[in-house]
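Following the hints, complete the assembly by docking chains B, C and D onto the known chain A.
Residue numbers (this note's numbering), protein chains in the order written: chain A, 872 to 1377; chain B, 872 to 1377; chain C, 872 to 1377; chain D, 872 to 1377.
If you are wondering where the hints come from, they were derived from the structure by calculation, not from laboratory data. Where hints are given, some of them may not hold.
Residues from chain D that face chain C, not an exhaustive set, calculated with beta carbons under 7 Å [said to hold, decoys possible]:
| no. | residue |
| --- | --- |
| 1 | ASP1092 |
| 2 | GLY1260 |
| 3 | SER1313 |
Simulated DEER-style distance windows between Cβ atoms [claimed, not checked]:
| no. | chain 1 | residue 1 | chain 2 | residue 2 | range |
| --- | --- | --- | --- | --- | --- |
| 4 | C | THR948 | A | HIS1110 | 37 to 47 Å |
| 5 | C | ASP1129 | B | HIS1031 | 33 to 43 Å |
| 6 | A | LYS1223 | D | SER1034 | 43 to 53 Å |
| 7 | D | THR1109 | C | ASP1112 | 50 to 60 Å |
| 8 | D | LYS1107 | C | PHE1131 | 32 to 42 Å |
| 9 | D | SER1289 | C | ASP1129 | 24 to 34 Å |
| 10 | B | GLY1334 | C | GLU1135 | 51 to 61 Å |
The C-beta atom is built at its ideal place from N, Cα and C for all residues, glycine as well.
Below, each chain spelled out in residue letters.
Number of protein chains: 4
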Amino acid sequence: MGVGTYEQFLERMYKMKPNIYVGDEVIDRKDPRLAAGFYAMRQTFDCAHDDRYKDVCTATSHLTGETINRFTHIHQTQDDLFKKQEMTKLLSHRVGGCIQRCMGIDALNALSVVTYEIDAALGTDYNQNFINYLKWTQEHDIVANCAQTDVKGERLKRPHEQSDPDMYLRIVEDRPDGIIVRGAKSCNSASPYVDEIIATPTRFMGSKDNAYAVSFALPADWPGVKLASLPGLRHKRTHIDAPIAHIGDMESLTIFDDVFVPNERIFLNGVRHPESTRFAGFLAIMFAHFHRHSYTGCKPATSEVLASSAALVAEYNGIEKTSHAQEKICHIITVAELVYAAGVASAVRAVKMPSGTMIPDEILTNAGRKLAGEEIFNEVAILTDLAGGLIATLPLEDEFYSDDIGPLLNKYIMRDPSIPAENIHRCFRMIEDQLVSDFGASQMTAGLHGGGSPQMEAVAMMGGYNVEKLKGIAKYLAGIEPDIPIYKRETVTPRRVLEKFEKTQK
Amino acid sequence: MGVGTYEQFLERMYKMKPNIYVGDEVIDRKDPRLAAGFYAMRQTFDCAHDDRYKDVCTATSHLTGETINRFTHIHQTQDDLFKKQEMTKLLSHRVGGCIQRCMGIDALNALSVVTYEIDAALGTDYNQNFINYLKWTQEHDIVANCAQTDVKGERLKRPHEQSDPDMYLRIVEDRPDGIIVRGAKSCNSASPYVDEIIATPTRFMGSKDNAYAVSFALPADWPGVKLASLPGLRHKRTHIDAPIAHIGDMESLTIFDDVFVPNERIFLNGVRHPESTRFAGFLAIMFAHFHRHSYTGCKPATSEVLASSAALVAEYNGIEKTSHAQEKICHIITVAELVYAAGVASAVRAVKMPSGTMIPDEILTNAGRKLAGEEIFNEVAILTDLAGGLIATLPLEDEFYSDDIGPLLNKYIMRDPSIPAENIHRCFRMIEDQLVSDFGASQMTAGLHGGGSPQMEAVAMMGGYNVEKLKGIAKYLAGIEPDIPIYKRETVTPRRVLEKFEKTQK
Amino acid sequence: MGVGTYEQFLERMYKMKPNIYVGDEVIDRKDPRLAAGFYAMRQTFDCAHDDRYKDVCTATSHLTGETINRFTHIHQTQDDLFKKQEMTKLLSHRVGGCIQRCMGIDALNALSVVTYEIDAALGTDYNQNFINYLKWTQEHDIVANCAQTDVKGERLKRPHEQSDPDMYLRIVEDRPDGIIVRGAKSCNSASPYVDEIIATPTRFMGSKDNAYAVSFALPADWPGVKLASLPGLRHKRTHIDAPIAHIGDMESLTIFDDVFVPNERIFLNGVRHPESTRFAGFLAIMFAHFHRHSYTGCKPATSEVLASSAALVAEYNGIEKTSHAQEKICHIITVAELVYAAGVASAVRAVKMPSGTMIPDEILTNAGRKLAGEEIFNEVAILTDLAGGLIATLPLEDEFYSDDIGPLLNKYIMRDPSIPAENIHRCFRMIEDQLVSDFGASQMTAGLHGGGSPQMEAVAMMGGYNVEKLKGIAKYLAGIEPDIPIYKRETVTPRRVLEKFEKTQK
Amino acid sequence: MGVGTYEQFLERMYKMKPNIYVGDEVIDRKDPRLAAGFYAMRQTFDCAHDDRYKDVCTATSHLTGETINRFTHIHQTQDDLFKKQEMTKLLSHRVGGCIQRCMGIDALNALSVVTYEIDAALGTDYNQNFINYLKWTQEHDIVANCAQTDVKGERLKRPHEQSDPDMYLRIVEDRPDGIIVRGAKSCNSASPYVDEIIATPTRFMGSKDNAYAVSFALPADWPGVKLASLPGLRHKRTHIDAPIAHIGDMESLTIFDDVFVPNERIFLNGVRHPESTRFAGFLAIMFAHFHRHSYTGCKPATSEVLASSAALVAEYNGIEKTSHAQEKICHIITVAELVYAAGVASAVRAVKMPSGTMIPDEILTNAGRKLAGEEIFNEVAILTDLAGGLIATLPLEDEFYSDDIGPLLNKYIMRDPSIPAENIHRCFRMIEDQLVSDFGASQMTAGLHGGGSPQMEAVAMMGGYNVEKLKGIAKYLAGIEPDIPIYKRETVTPRRVLEKFEKTQK
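The following block holds chain A by itself, in its conformation from the complex:
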């Protein structure tokens, strides 16, 4: 029951109402432009039934004891964190990059922590809403994404100061049976092919921002939810099919056009419980934190995919053993290993929250995500360097199969006579897809900004790091202080945000 199938997922999708805006159309989930996104989601179902992946792709529900898809699991142990990282990495290999479903698990885990703490502090019952929702999610292997990034309008103004009050998603009406919300969430990946959209705040909210302290979950085709979409372009292959040719995504600006959310789907409501507003920032960064831990799985995978292509094309180009090629490939591998290590070490230092959820160390996950973001363009540059200009000038696929010039193209693409022309063609065609395409280029942007850019990680790190204690080392060595504070860094979690909020309120 708790480990669904792709077919069940697809059946749910096909029943949904059309609310996907693509150009001048409004389409439903049967539209072929969604196939590339479904391809990614499919891996998360199929692998959970595949003996080779089952160990990392399933888990035991702490609510029911049943076997469930790990994408719906709340991390209970260090091992859960290890396995979530490994699952994310292995599945990302299969799709050459983003596996797209991590938003859901990260949002669920964040809510598990924060709703618990709100209720503990305020006596509310958000956690009960959440637990009910989670059970349903686990039972049906529900796919969710997370709508977090508000459009933000004037960047230097807080939500309640904006000229247009709708620039952050807000509660326009609090009713006995629920709330009406209005606003839009940007950069909302995969929304056209998920069951559920979970909305969370994108930043700290101050005491005047009660209307903006809101979190909930809704079906992706709920009345008033409008998905203004950007389909990733796909190259249609006519002769040489390959997994890379099936992979893509669809992004949306997700508009909440005065949408009703019933009470049982609400996880935070700053209008009804003004005291809960201070948990908005905690929830925002809690999601970001779990998401960055996911990146310690997918980003090493992305680096490894790039290193893999780099090694293959270097072999085909006959330069694999040159020292410069070795060093460049090694550089990408080094990045992959370090980002991966950051995730492992963050799990080694994980702590259990009052809700029972395990949280990895925040400094380490952010350090890993930061390096990944800083290196993505450099990694692409290395692959481009080793591949050569051909990836941007490769004649179209059909030309290789033309009676006239096909034989000539297959002749002139040859390098080492032992490697068939088709393999070389496949390799360069794949790199074209990876780098020199709409989708490929968008993945670089995602590599920099997805889950927060390096600048955001620096802010998170410096927010959590005890710099005063760090200075104690210098003060000791300089003779300003008589002894060193035993400097063993303690685990840092996003809860610091809440503590800081409470401190500044005094």
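For chains B, C and D alone, coordinates are given in the frame of chain A:
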């Protein structure tokens, strides 16, 4: 006469025979997929008639004294080099990057030097062929590209050692009236919309490579010339037209399928004159050198275009004045200025060759091109960073004009209320075109590999630099040698290749 | 018994014979120029008795069950690896960088693995020699360093091919009671103030290099052992004493001038057992590997010391809260965390060798050490940047205490009135010691080369990494292979060297 | 007359009064600790008489028509700028880095421009003071430095806001015959061995900062001028003398302890002429600008010195021809060429000021200086990398000449048998001096901060760059504006500061 018009150029194009292979079609120059390339070429004609650009875009022919388009001019003075650099830079601004016509002028200048030296050494008449060709070119404002990069087959083998002897363009027959050539040139930009293709060797040729020492010019639709093409994808704009939406290119693998070249179009023939084979490397690097000098014009322009977009989007995002945005924009500007400076300084140190052609310093042009290549991905990363994830998730253009969600999209894209939604939309749409598109991504590859990757420039620099003399400084400071060799670097030119060749032959 | 005291150590030192060459003198261990080195060693004794550090600085001997100093322990468990890393990090904080005693523990652990395997393969009794030696070491809390780096002569020739056969340490005579060795080991840190010097090979040895396959341990003042030394310069403080002013080291070129090694101190002898020559490379890289794991402790500490000084001086300079200072400090912290994470993750993936010794994963330790080496100069640049030019122009200490200009200097060094002049003086004086001094500058070299430069780590990584399996990802995505090899990287250990050797011999 | 000799300079030095504080002493110019500084200054005299350098080291005074030392010349033409750059570069080769005398010429040129403009605006006679001073300077070949960097106290407060009003040099009394000044200038290189100290403001001064708008020149031993010094440490060579061993400097915190400046030596007095206060910032940045242009001479020289050592030690280590060594050396050469090119291009775009002084372009000089500052630590890292750990562990010089171990050290330092041991020893000893020494380390700090750190250059560049015009390119390409502003960057000079000041005052 010497300054043609776009209309004349187009008329010539429309008369050409179809030899452009695109997918499963063979198209001629009226095909709309060539429009983006024509757009770039058009600037080189129109600006030569525009009072604001005329000074840099025209020159006085040293052959006829007539005013000609500078793209057909042989540099006679330092000022010619300054103006060629400036022209390249200014026109590149207009097309947001590569102006596409520089290959022609660079090939012509290279041939002016090398054919002169061959004749001086061997008593041949290649220079006369060239002069006649040049006159015709200047008179009709002919557009040429340069086919240099052979497909190269097994990278570690020399041309005559290849399993398939056709992996470098070669002479398969030397006849009284001309030659028959066979082979293919890769990464051949703009070939579908030029008048002429000038073929040059891609590397040094040794004494067994006579058949590969060949250079000539032919009309781009000449019998046997087959252009296996890759059209750059273009986003069709339906509502907000803009120059960026018109810009693109078309690349080809240019196949010479046993092509006859008449004597008067031959500039180097190692079969007929085996002694001339040693000039093949000189010609190869001479073209690369002029081309890298051109890059000191277009690469600063590319950087400035990126810095321009970065500054505009930073303003729209309300972060223009933050110190991190300032530093990032400043970094791109610094690269632009340094690459530009390398071109200026290389012209300051230019020397006049026996043929009368001015050659800039080779170390400086290569240093400039090298920096540009090393920085291109970083510059794109900066623009991506300042723009944010929206460039990869912006809903399609039509959605902004939909009756249903159009008003919502225009509402939610707003930032500073004083900036109209359409301007913001235009700005992000432009950056999407620049970065998150097939064409945009291909420009990064071109930025790294066009004219030779940084690794190639390092090889050229270390080939020309007098490292032994440089060591004299250390030997003096260490007391190993009694005095310093007065270390003023002398101008280095590709002629060193010829001298080295002659030295190694003894 | 197994946890010695600094006083016992010093007593042993004072009994040693003078064999330390400093300029035109030969000195013994009472010479004040050794004080700085003793200062570092002292921490390793004192902290083992300090409740705050005891947990990480002591261990339980697997041989005797007694409590011993961890610097003499053989890692038996994952937790041992965690604690060794933590100990190295915490003690390095106390000395502002290198704790200097890790060579000993790393050499012992390497020998524990390799001597066991030699005996298992060849029926020799090197491991028994080692176990006896280890027991004595643990009992007396012996300090050892490791002499590994041969002077190497002509770099491109193998040991037996050198013009001078002594360019690698070699056995010149194999006698019944032992061997006579000749040669020199370069960059031999701390040799003037250790009990024992452990010699190991520096590279692979082929079948003609039997005489160079040698490992042994000797007292540092053994007849024929000559320490050609370089004392680190120390600034004598006259007024403001501080820990940083006590820290330094002494390096040597350690000459083995026809030295006799008795049988019981020999751990590898390729002359006596030619089959054992193939273990030379295994031992060489086994030591390097444990040493690089140590670097995942000391290098984060070094980064944290630099970040600590950077944060303190930024505070004193009043720029701590600027975004550029925050980002720069964050950069150093990120490096520290990632290198630390590499060590943690390598321990998580550790495997137990046949000898019972735990070995961390080689790819991860090397990735961590590599990043540290690549970043050290950048980290120093950041501290220099935030500190300002004053660190290189600070008037001498005495001038601050002069009746004439002392008050003026203390006046003009003031910044925020709440920070006393002396603290500011102390802070800048410390940074001068850390960066703008002989010792400080030598630490940068050590940061790059100590334990092997980044280039060496790249070689080790690419030697151990299964690139062919990695390529499987690309082959799957490109459609060249039908499925992905389940890509979970297996733990890599230096034993691969032995396996490779055996493969190439066939 | 106008080209003095080292002997004349020394004679003047020896007559000066002792005011150099070194530790607990007050020394005069005969003290041997000044020898290293004199060594550098000597080059500027000797080379002006050396036929090989005369062309760049002398000039024709525009005041008297006489031949003078170029270090006292006011640039009149583009060629003067070229030659100043070349002189700085060539002399810097001779001292392995900073030639130390450029501060004087840069301060004089800045004063030539600004005093002229003050007088033109206010009818004062500062320029006459300056001209008289310049004549005397040129006649006697006077050596001057420039005291610019105030100690600055609380960094975020303006001069008049400081808790201690003396944190910026200020006029404490304006008398009929002159002024009394109080304050201190930090990082004041070479002051113990110059004839004259020229004081200039360090930043913009607002209307409340009149007392801080002050510039003047005084003999370096003038009553009340106290030089709190830091002598660079020198390694005394006993056996292998070499130029590098003679080079050093002496820095000071220069204290003006209520010093009287006579009227004829005053170039700016904001107390007497409050309107002139607005020229303080112009003068500050004008000096910085000429100084950064000087850096386009000395920084390429510094890079070339490092590249020279790198190439030599790579040869001695037998790795010169490896691709990684070639690429690393090429990287340093590239930096040298680009920084040099920035200086050349800035001179090509130079403009003549109303005073007749030629000013190079400010964007280009800053771009060059910025790159140099960003790369210095990386260049040192490269040299360290290629040299190996020996530079930090080389036994002391005397040990190589010991009867006992000398022969062994000379044996074990050998590499290629054709290179004598002494040469190898000299090479590593030199690199030790260059990198692993107090002086060497201080040169890295100087390379980053001297003349302003990269951050300062970024500020200068963004202050002068017309970013609004730059944005015009993006607005055109996006279709926001109908045409591109013809984007040819105009020459930028520090006069922009004055214009901006005047604009903000309105």
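Okay, the hints, checked on the actual structure:
1. For D:ASP1092, the interface hint is violated, since its Cβ never comes within 7 Å of a Cβ in chain C; the closest pair sits about 15 Å apart.
2. This hint holds: D:GLY1260 has a C-beta 4 Å from the nearest C-beta of chain C, less than the 7 Å allowed.
3. Among the interface hints, the one on D:SER1313 holds; its C-beta lies about 4 Å from the nearest C-beta in chain C, closer than the 7 Å criterion.
4. Our hint of 37 to 47 Å for C:THR948 and A:HIS1110 is violated, since their Cβ atoms are close to 56 Å apart.
5. Judged by the Cβ atoms, the range 33 to 43 Å given for C:ASP1129 and B:HIS1031 is violated: they are separated by roughly 57 Å.
6. Look at A:LYS1223 against D:SER1034: about 50 Å separates their beta carbons, and that is inside 43 to 53 Å.
7. Separation of D:THR1109 from C:ASP1112 is about 32 Å and departs from the stated range, judged on CB atoms against 50 to 60 Å.
8. For the pair D:LYS1107 and C:PHE1131, the beta carbons lie near 38 Å from each other, so the given range of 32 to 42 Å is met.
9. For the pair D:SER1289 and C:ASP1129, the supplied restraint of 24 to 34 Å holds, since their beta-carbon distance comes to about 27 Å.
10. The hinted window of 51 to 61 Å between B:GLY1334 and C:GLU1135 holds, with their beta carbons roughly 58 Å apart.
The earlier numbered hints that this structure contradicts are 1, 4, 5 and 7.
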